[in-house]
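Chains A and B supply the protein sequences, listed in that same order.
Each number in the working numbering corresponds to the 1-based position in the first sequence with 463 added.
Each number in the working numbering corresponds to the 1-based position in the second sequence with 8 added.
No wet-lab data here; the hints were simulated from the structure.
Treat the hints with caution; some may be incorrect.
Derived DMTMM-like pairs (lysine to aspartate or glutamate); straight-line CA-CA distance at most 20 Å [said to hold, decoys possible]:
no., chain 1, residue 1, chain 2, residue 2
1, A, Lys546, B, Asp152
2, A, Lys542, A, Glu568
3, A, Lys542, B, Glu133
4, A, Lys546, A, Asp600
5, A, Lys655, A, Glu522
6, A, Lys546, A, Asp535
7, A, Lys546, A, Glu576
8, A, Lys655, A, Asp626
9, A, Lys541, B, Asp152
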Amino acid sequence: MPGTTVEPAISVRDVVVTYGRRRVLDGINLDVARGETMVLIGGSGSGKSTLLRQIIALEQPQSGHVVINGVDLATVSKKNLAKIRRSIGVTFQSAALFNSMSVEENVALPLREHTRLAESTIRLMTWMKLSVVGLADFGKHNPRELSGGMKKRAAVARALSLDPEILVLDEPSAGLDPIIAAELDELILALKRAFSITVVVVTHEMASAFRIADRMAMLYNGSLIAVGRPEELRNNQHPRIRQFFDRVPDRVLDPSVIQTYFDHYLKGDFE
Amino acid sequence: MIGLAVEYVGRATLRHVEYVGGLALQLRAALGSLGRTLPVVGNRNRWHYALRQMLAVGVDACPMVGIMALCTGFILAMQGASELRKFGAMNLVIDLVSLGFTRELGPLLAAIAVSGRSGSAFSAEIGSMIVTEEIDALRTMALDPIEFLLAPKYLAMLVMLPCLTILSNICGILAGGLFMQLSTQMTLGVYLRYVADSIVLRDVMTGLLKSVAFATIIVQVGCLEGFRVRGGPDAVGRSATAAVVKSTFLVILADLGFTAIFYLLERQ
């Protein structure tokens with residue numbers, strides 16, 4: 464059962480991140496248990512992607528700690544950091560496939576760089592990973608020739624190439640049509656069932672979040688305002704959560720503003 | 009007013025110091041990774057990438073560097089001859105072209121051509137990879153972008169820019185020979201004997217030493233501009249322009265420094 468393991472796969476403690484004078488993450492505390500799917504939700508600029516960048520060790524927080532499988536990223540040696548990075552598979556919002564390589568070479572890259580496997584074994588493993596995401600016939604293609612959904616799936620195949628313990632996905636459904644997005648959700652669920660990996664997903668697609676999440680965490684203005692199972696969040700009465708779930712805009716454009724603008728324009732006030 | 013001027017100068021100074029510091033740190037990391045790009049002792053993938061870069065940086069630049077050197081050699085010979093003819097010292101045109109190219113114009117022309125072709129390409133390639141999160145993807149795969157991207161380019165430049173410099177020297181000197189044949193009926197064989205008498209190994213070596221320094225400047229500036237890209241595609245374009253402008257400026261500055269040092273050493 465998720466949440467019952469003693470040592471969480473990911474532990475975020477009092478993490479503060481500031482960009483200039485802006486406090487992007489303000490004392491975040493979050494645990495992700497082994498085998499759990501944690502979905503981070505929140506509006507644009509709420510700090511989701513920044514939190515993700517701390518978890519995948521692309522940035523260091525100003526204060527606080529990120530602990531992956533018991534190892535504190537703030538004090539880890541360069542060698543151990545590389546080991547931790549190899550245990551985390553990451554897919555980015557833009558898929559971030561290398562356009563100078565074929566899809567197959569993209570997936571094989573971590574294997575070629577970090578293992579001493581024979582070329583024939585690497586090719587077989589690459590084919591298997593591509594088969595898992597349904598792209599076995601597209602290995603020779605250049606990433607530019609793939610559709611948005613296929614790129615995301617190829618990125619998942621690359622993230623899986625070293626059999627990671629943790630899979631991190633940044634906005635996997637962004638820019639995809641609902642059918643492709645639903646296929647990707649099913650892929651994430653199938654991967655979790657097949658490999659029992661810990662999954663962290665950043666999204667603001669609510670349908671996708673409710674489909675795949677074991678637990679969800681909602682960020683607002685750099686703080687976590689709710690963490691819990693999907694149904695707990697669905698029933699949460701926090702005004703911001705309700706606004707987010709019910710798609711209520713912060714502000715509505717007043718038509719009189721446009722009228723005033725045209726009045727000034729017609730009077731020639733802008734000349 | 010004075011306060012504002014002081015603030016402006018202070019900020020500009022800090023910006024330049026920070027830039028030079030960034031270059032120095034990047035160079036140190038690149039030198040540390042250079043061994044892993046070598047054949048046999050290094051990583052096979054890096055060596056293969058370095059070979060591809062050698063083709064792109066060096067082989068593909070041969071026609072451009074060759075034609076530039078031929079034109080410049082001919083121009084230098086014509087300009088020199090128009091003055092030296094008045095003193096009946098046409099033979100000095102041979103010294104002018106051969107020494108001018110081996111010591112100065114050969115490395116400088118090759119560096120300027122490569123800076124325009126490859127410096128901007130390095131910066132655009134890395135800048136685009138920043139924008140599309142490919143650099144982040146490399147880091148999350150525990151691959152160091154300096155070792156993966158920069159070091160093979162650096163090795164390629166360290167090998168190919170001296171080669172292009174030699175090509176530039178040969179083309180420039182041959183252009184001088186063509187001019188001498190057309191203007192004084194001097195045969196190419198005689199011309200080349202004069203060239204061999206006028207240049208010494210030291211001239212060629214100083215030119216090649218310069219080309220190694222220029223290769224370092226072009227790669228480091230081009231890649232640093234790429235790594236510093238923030239924002240969208242427009243930032244990539246700006247970084248490519250900055251890479252060419254800054255590396256050309258620094259190449260000429262370094263050339264001045266080297267020439268001054270060699271001049272002072274020669275006088276002693």
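Of the hints stated earlier, which fail here? 2, 3, 4 and 5
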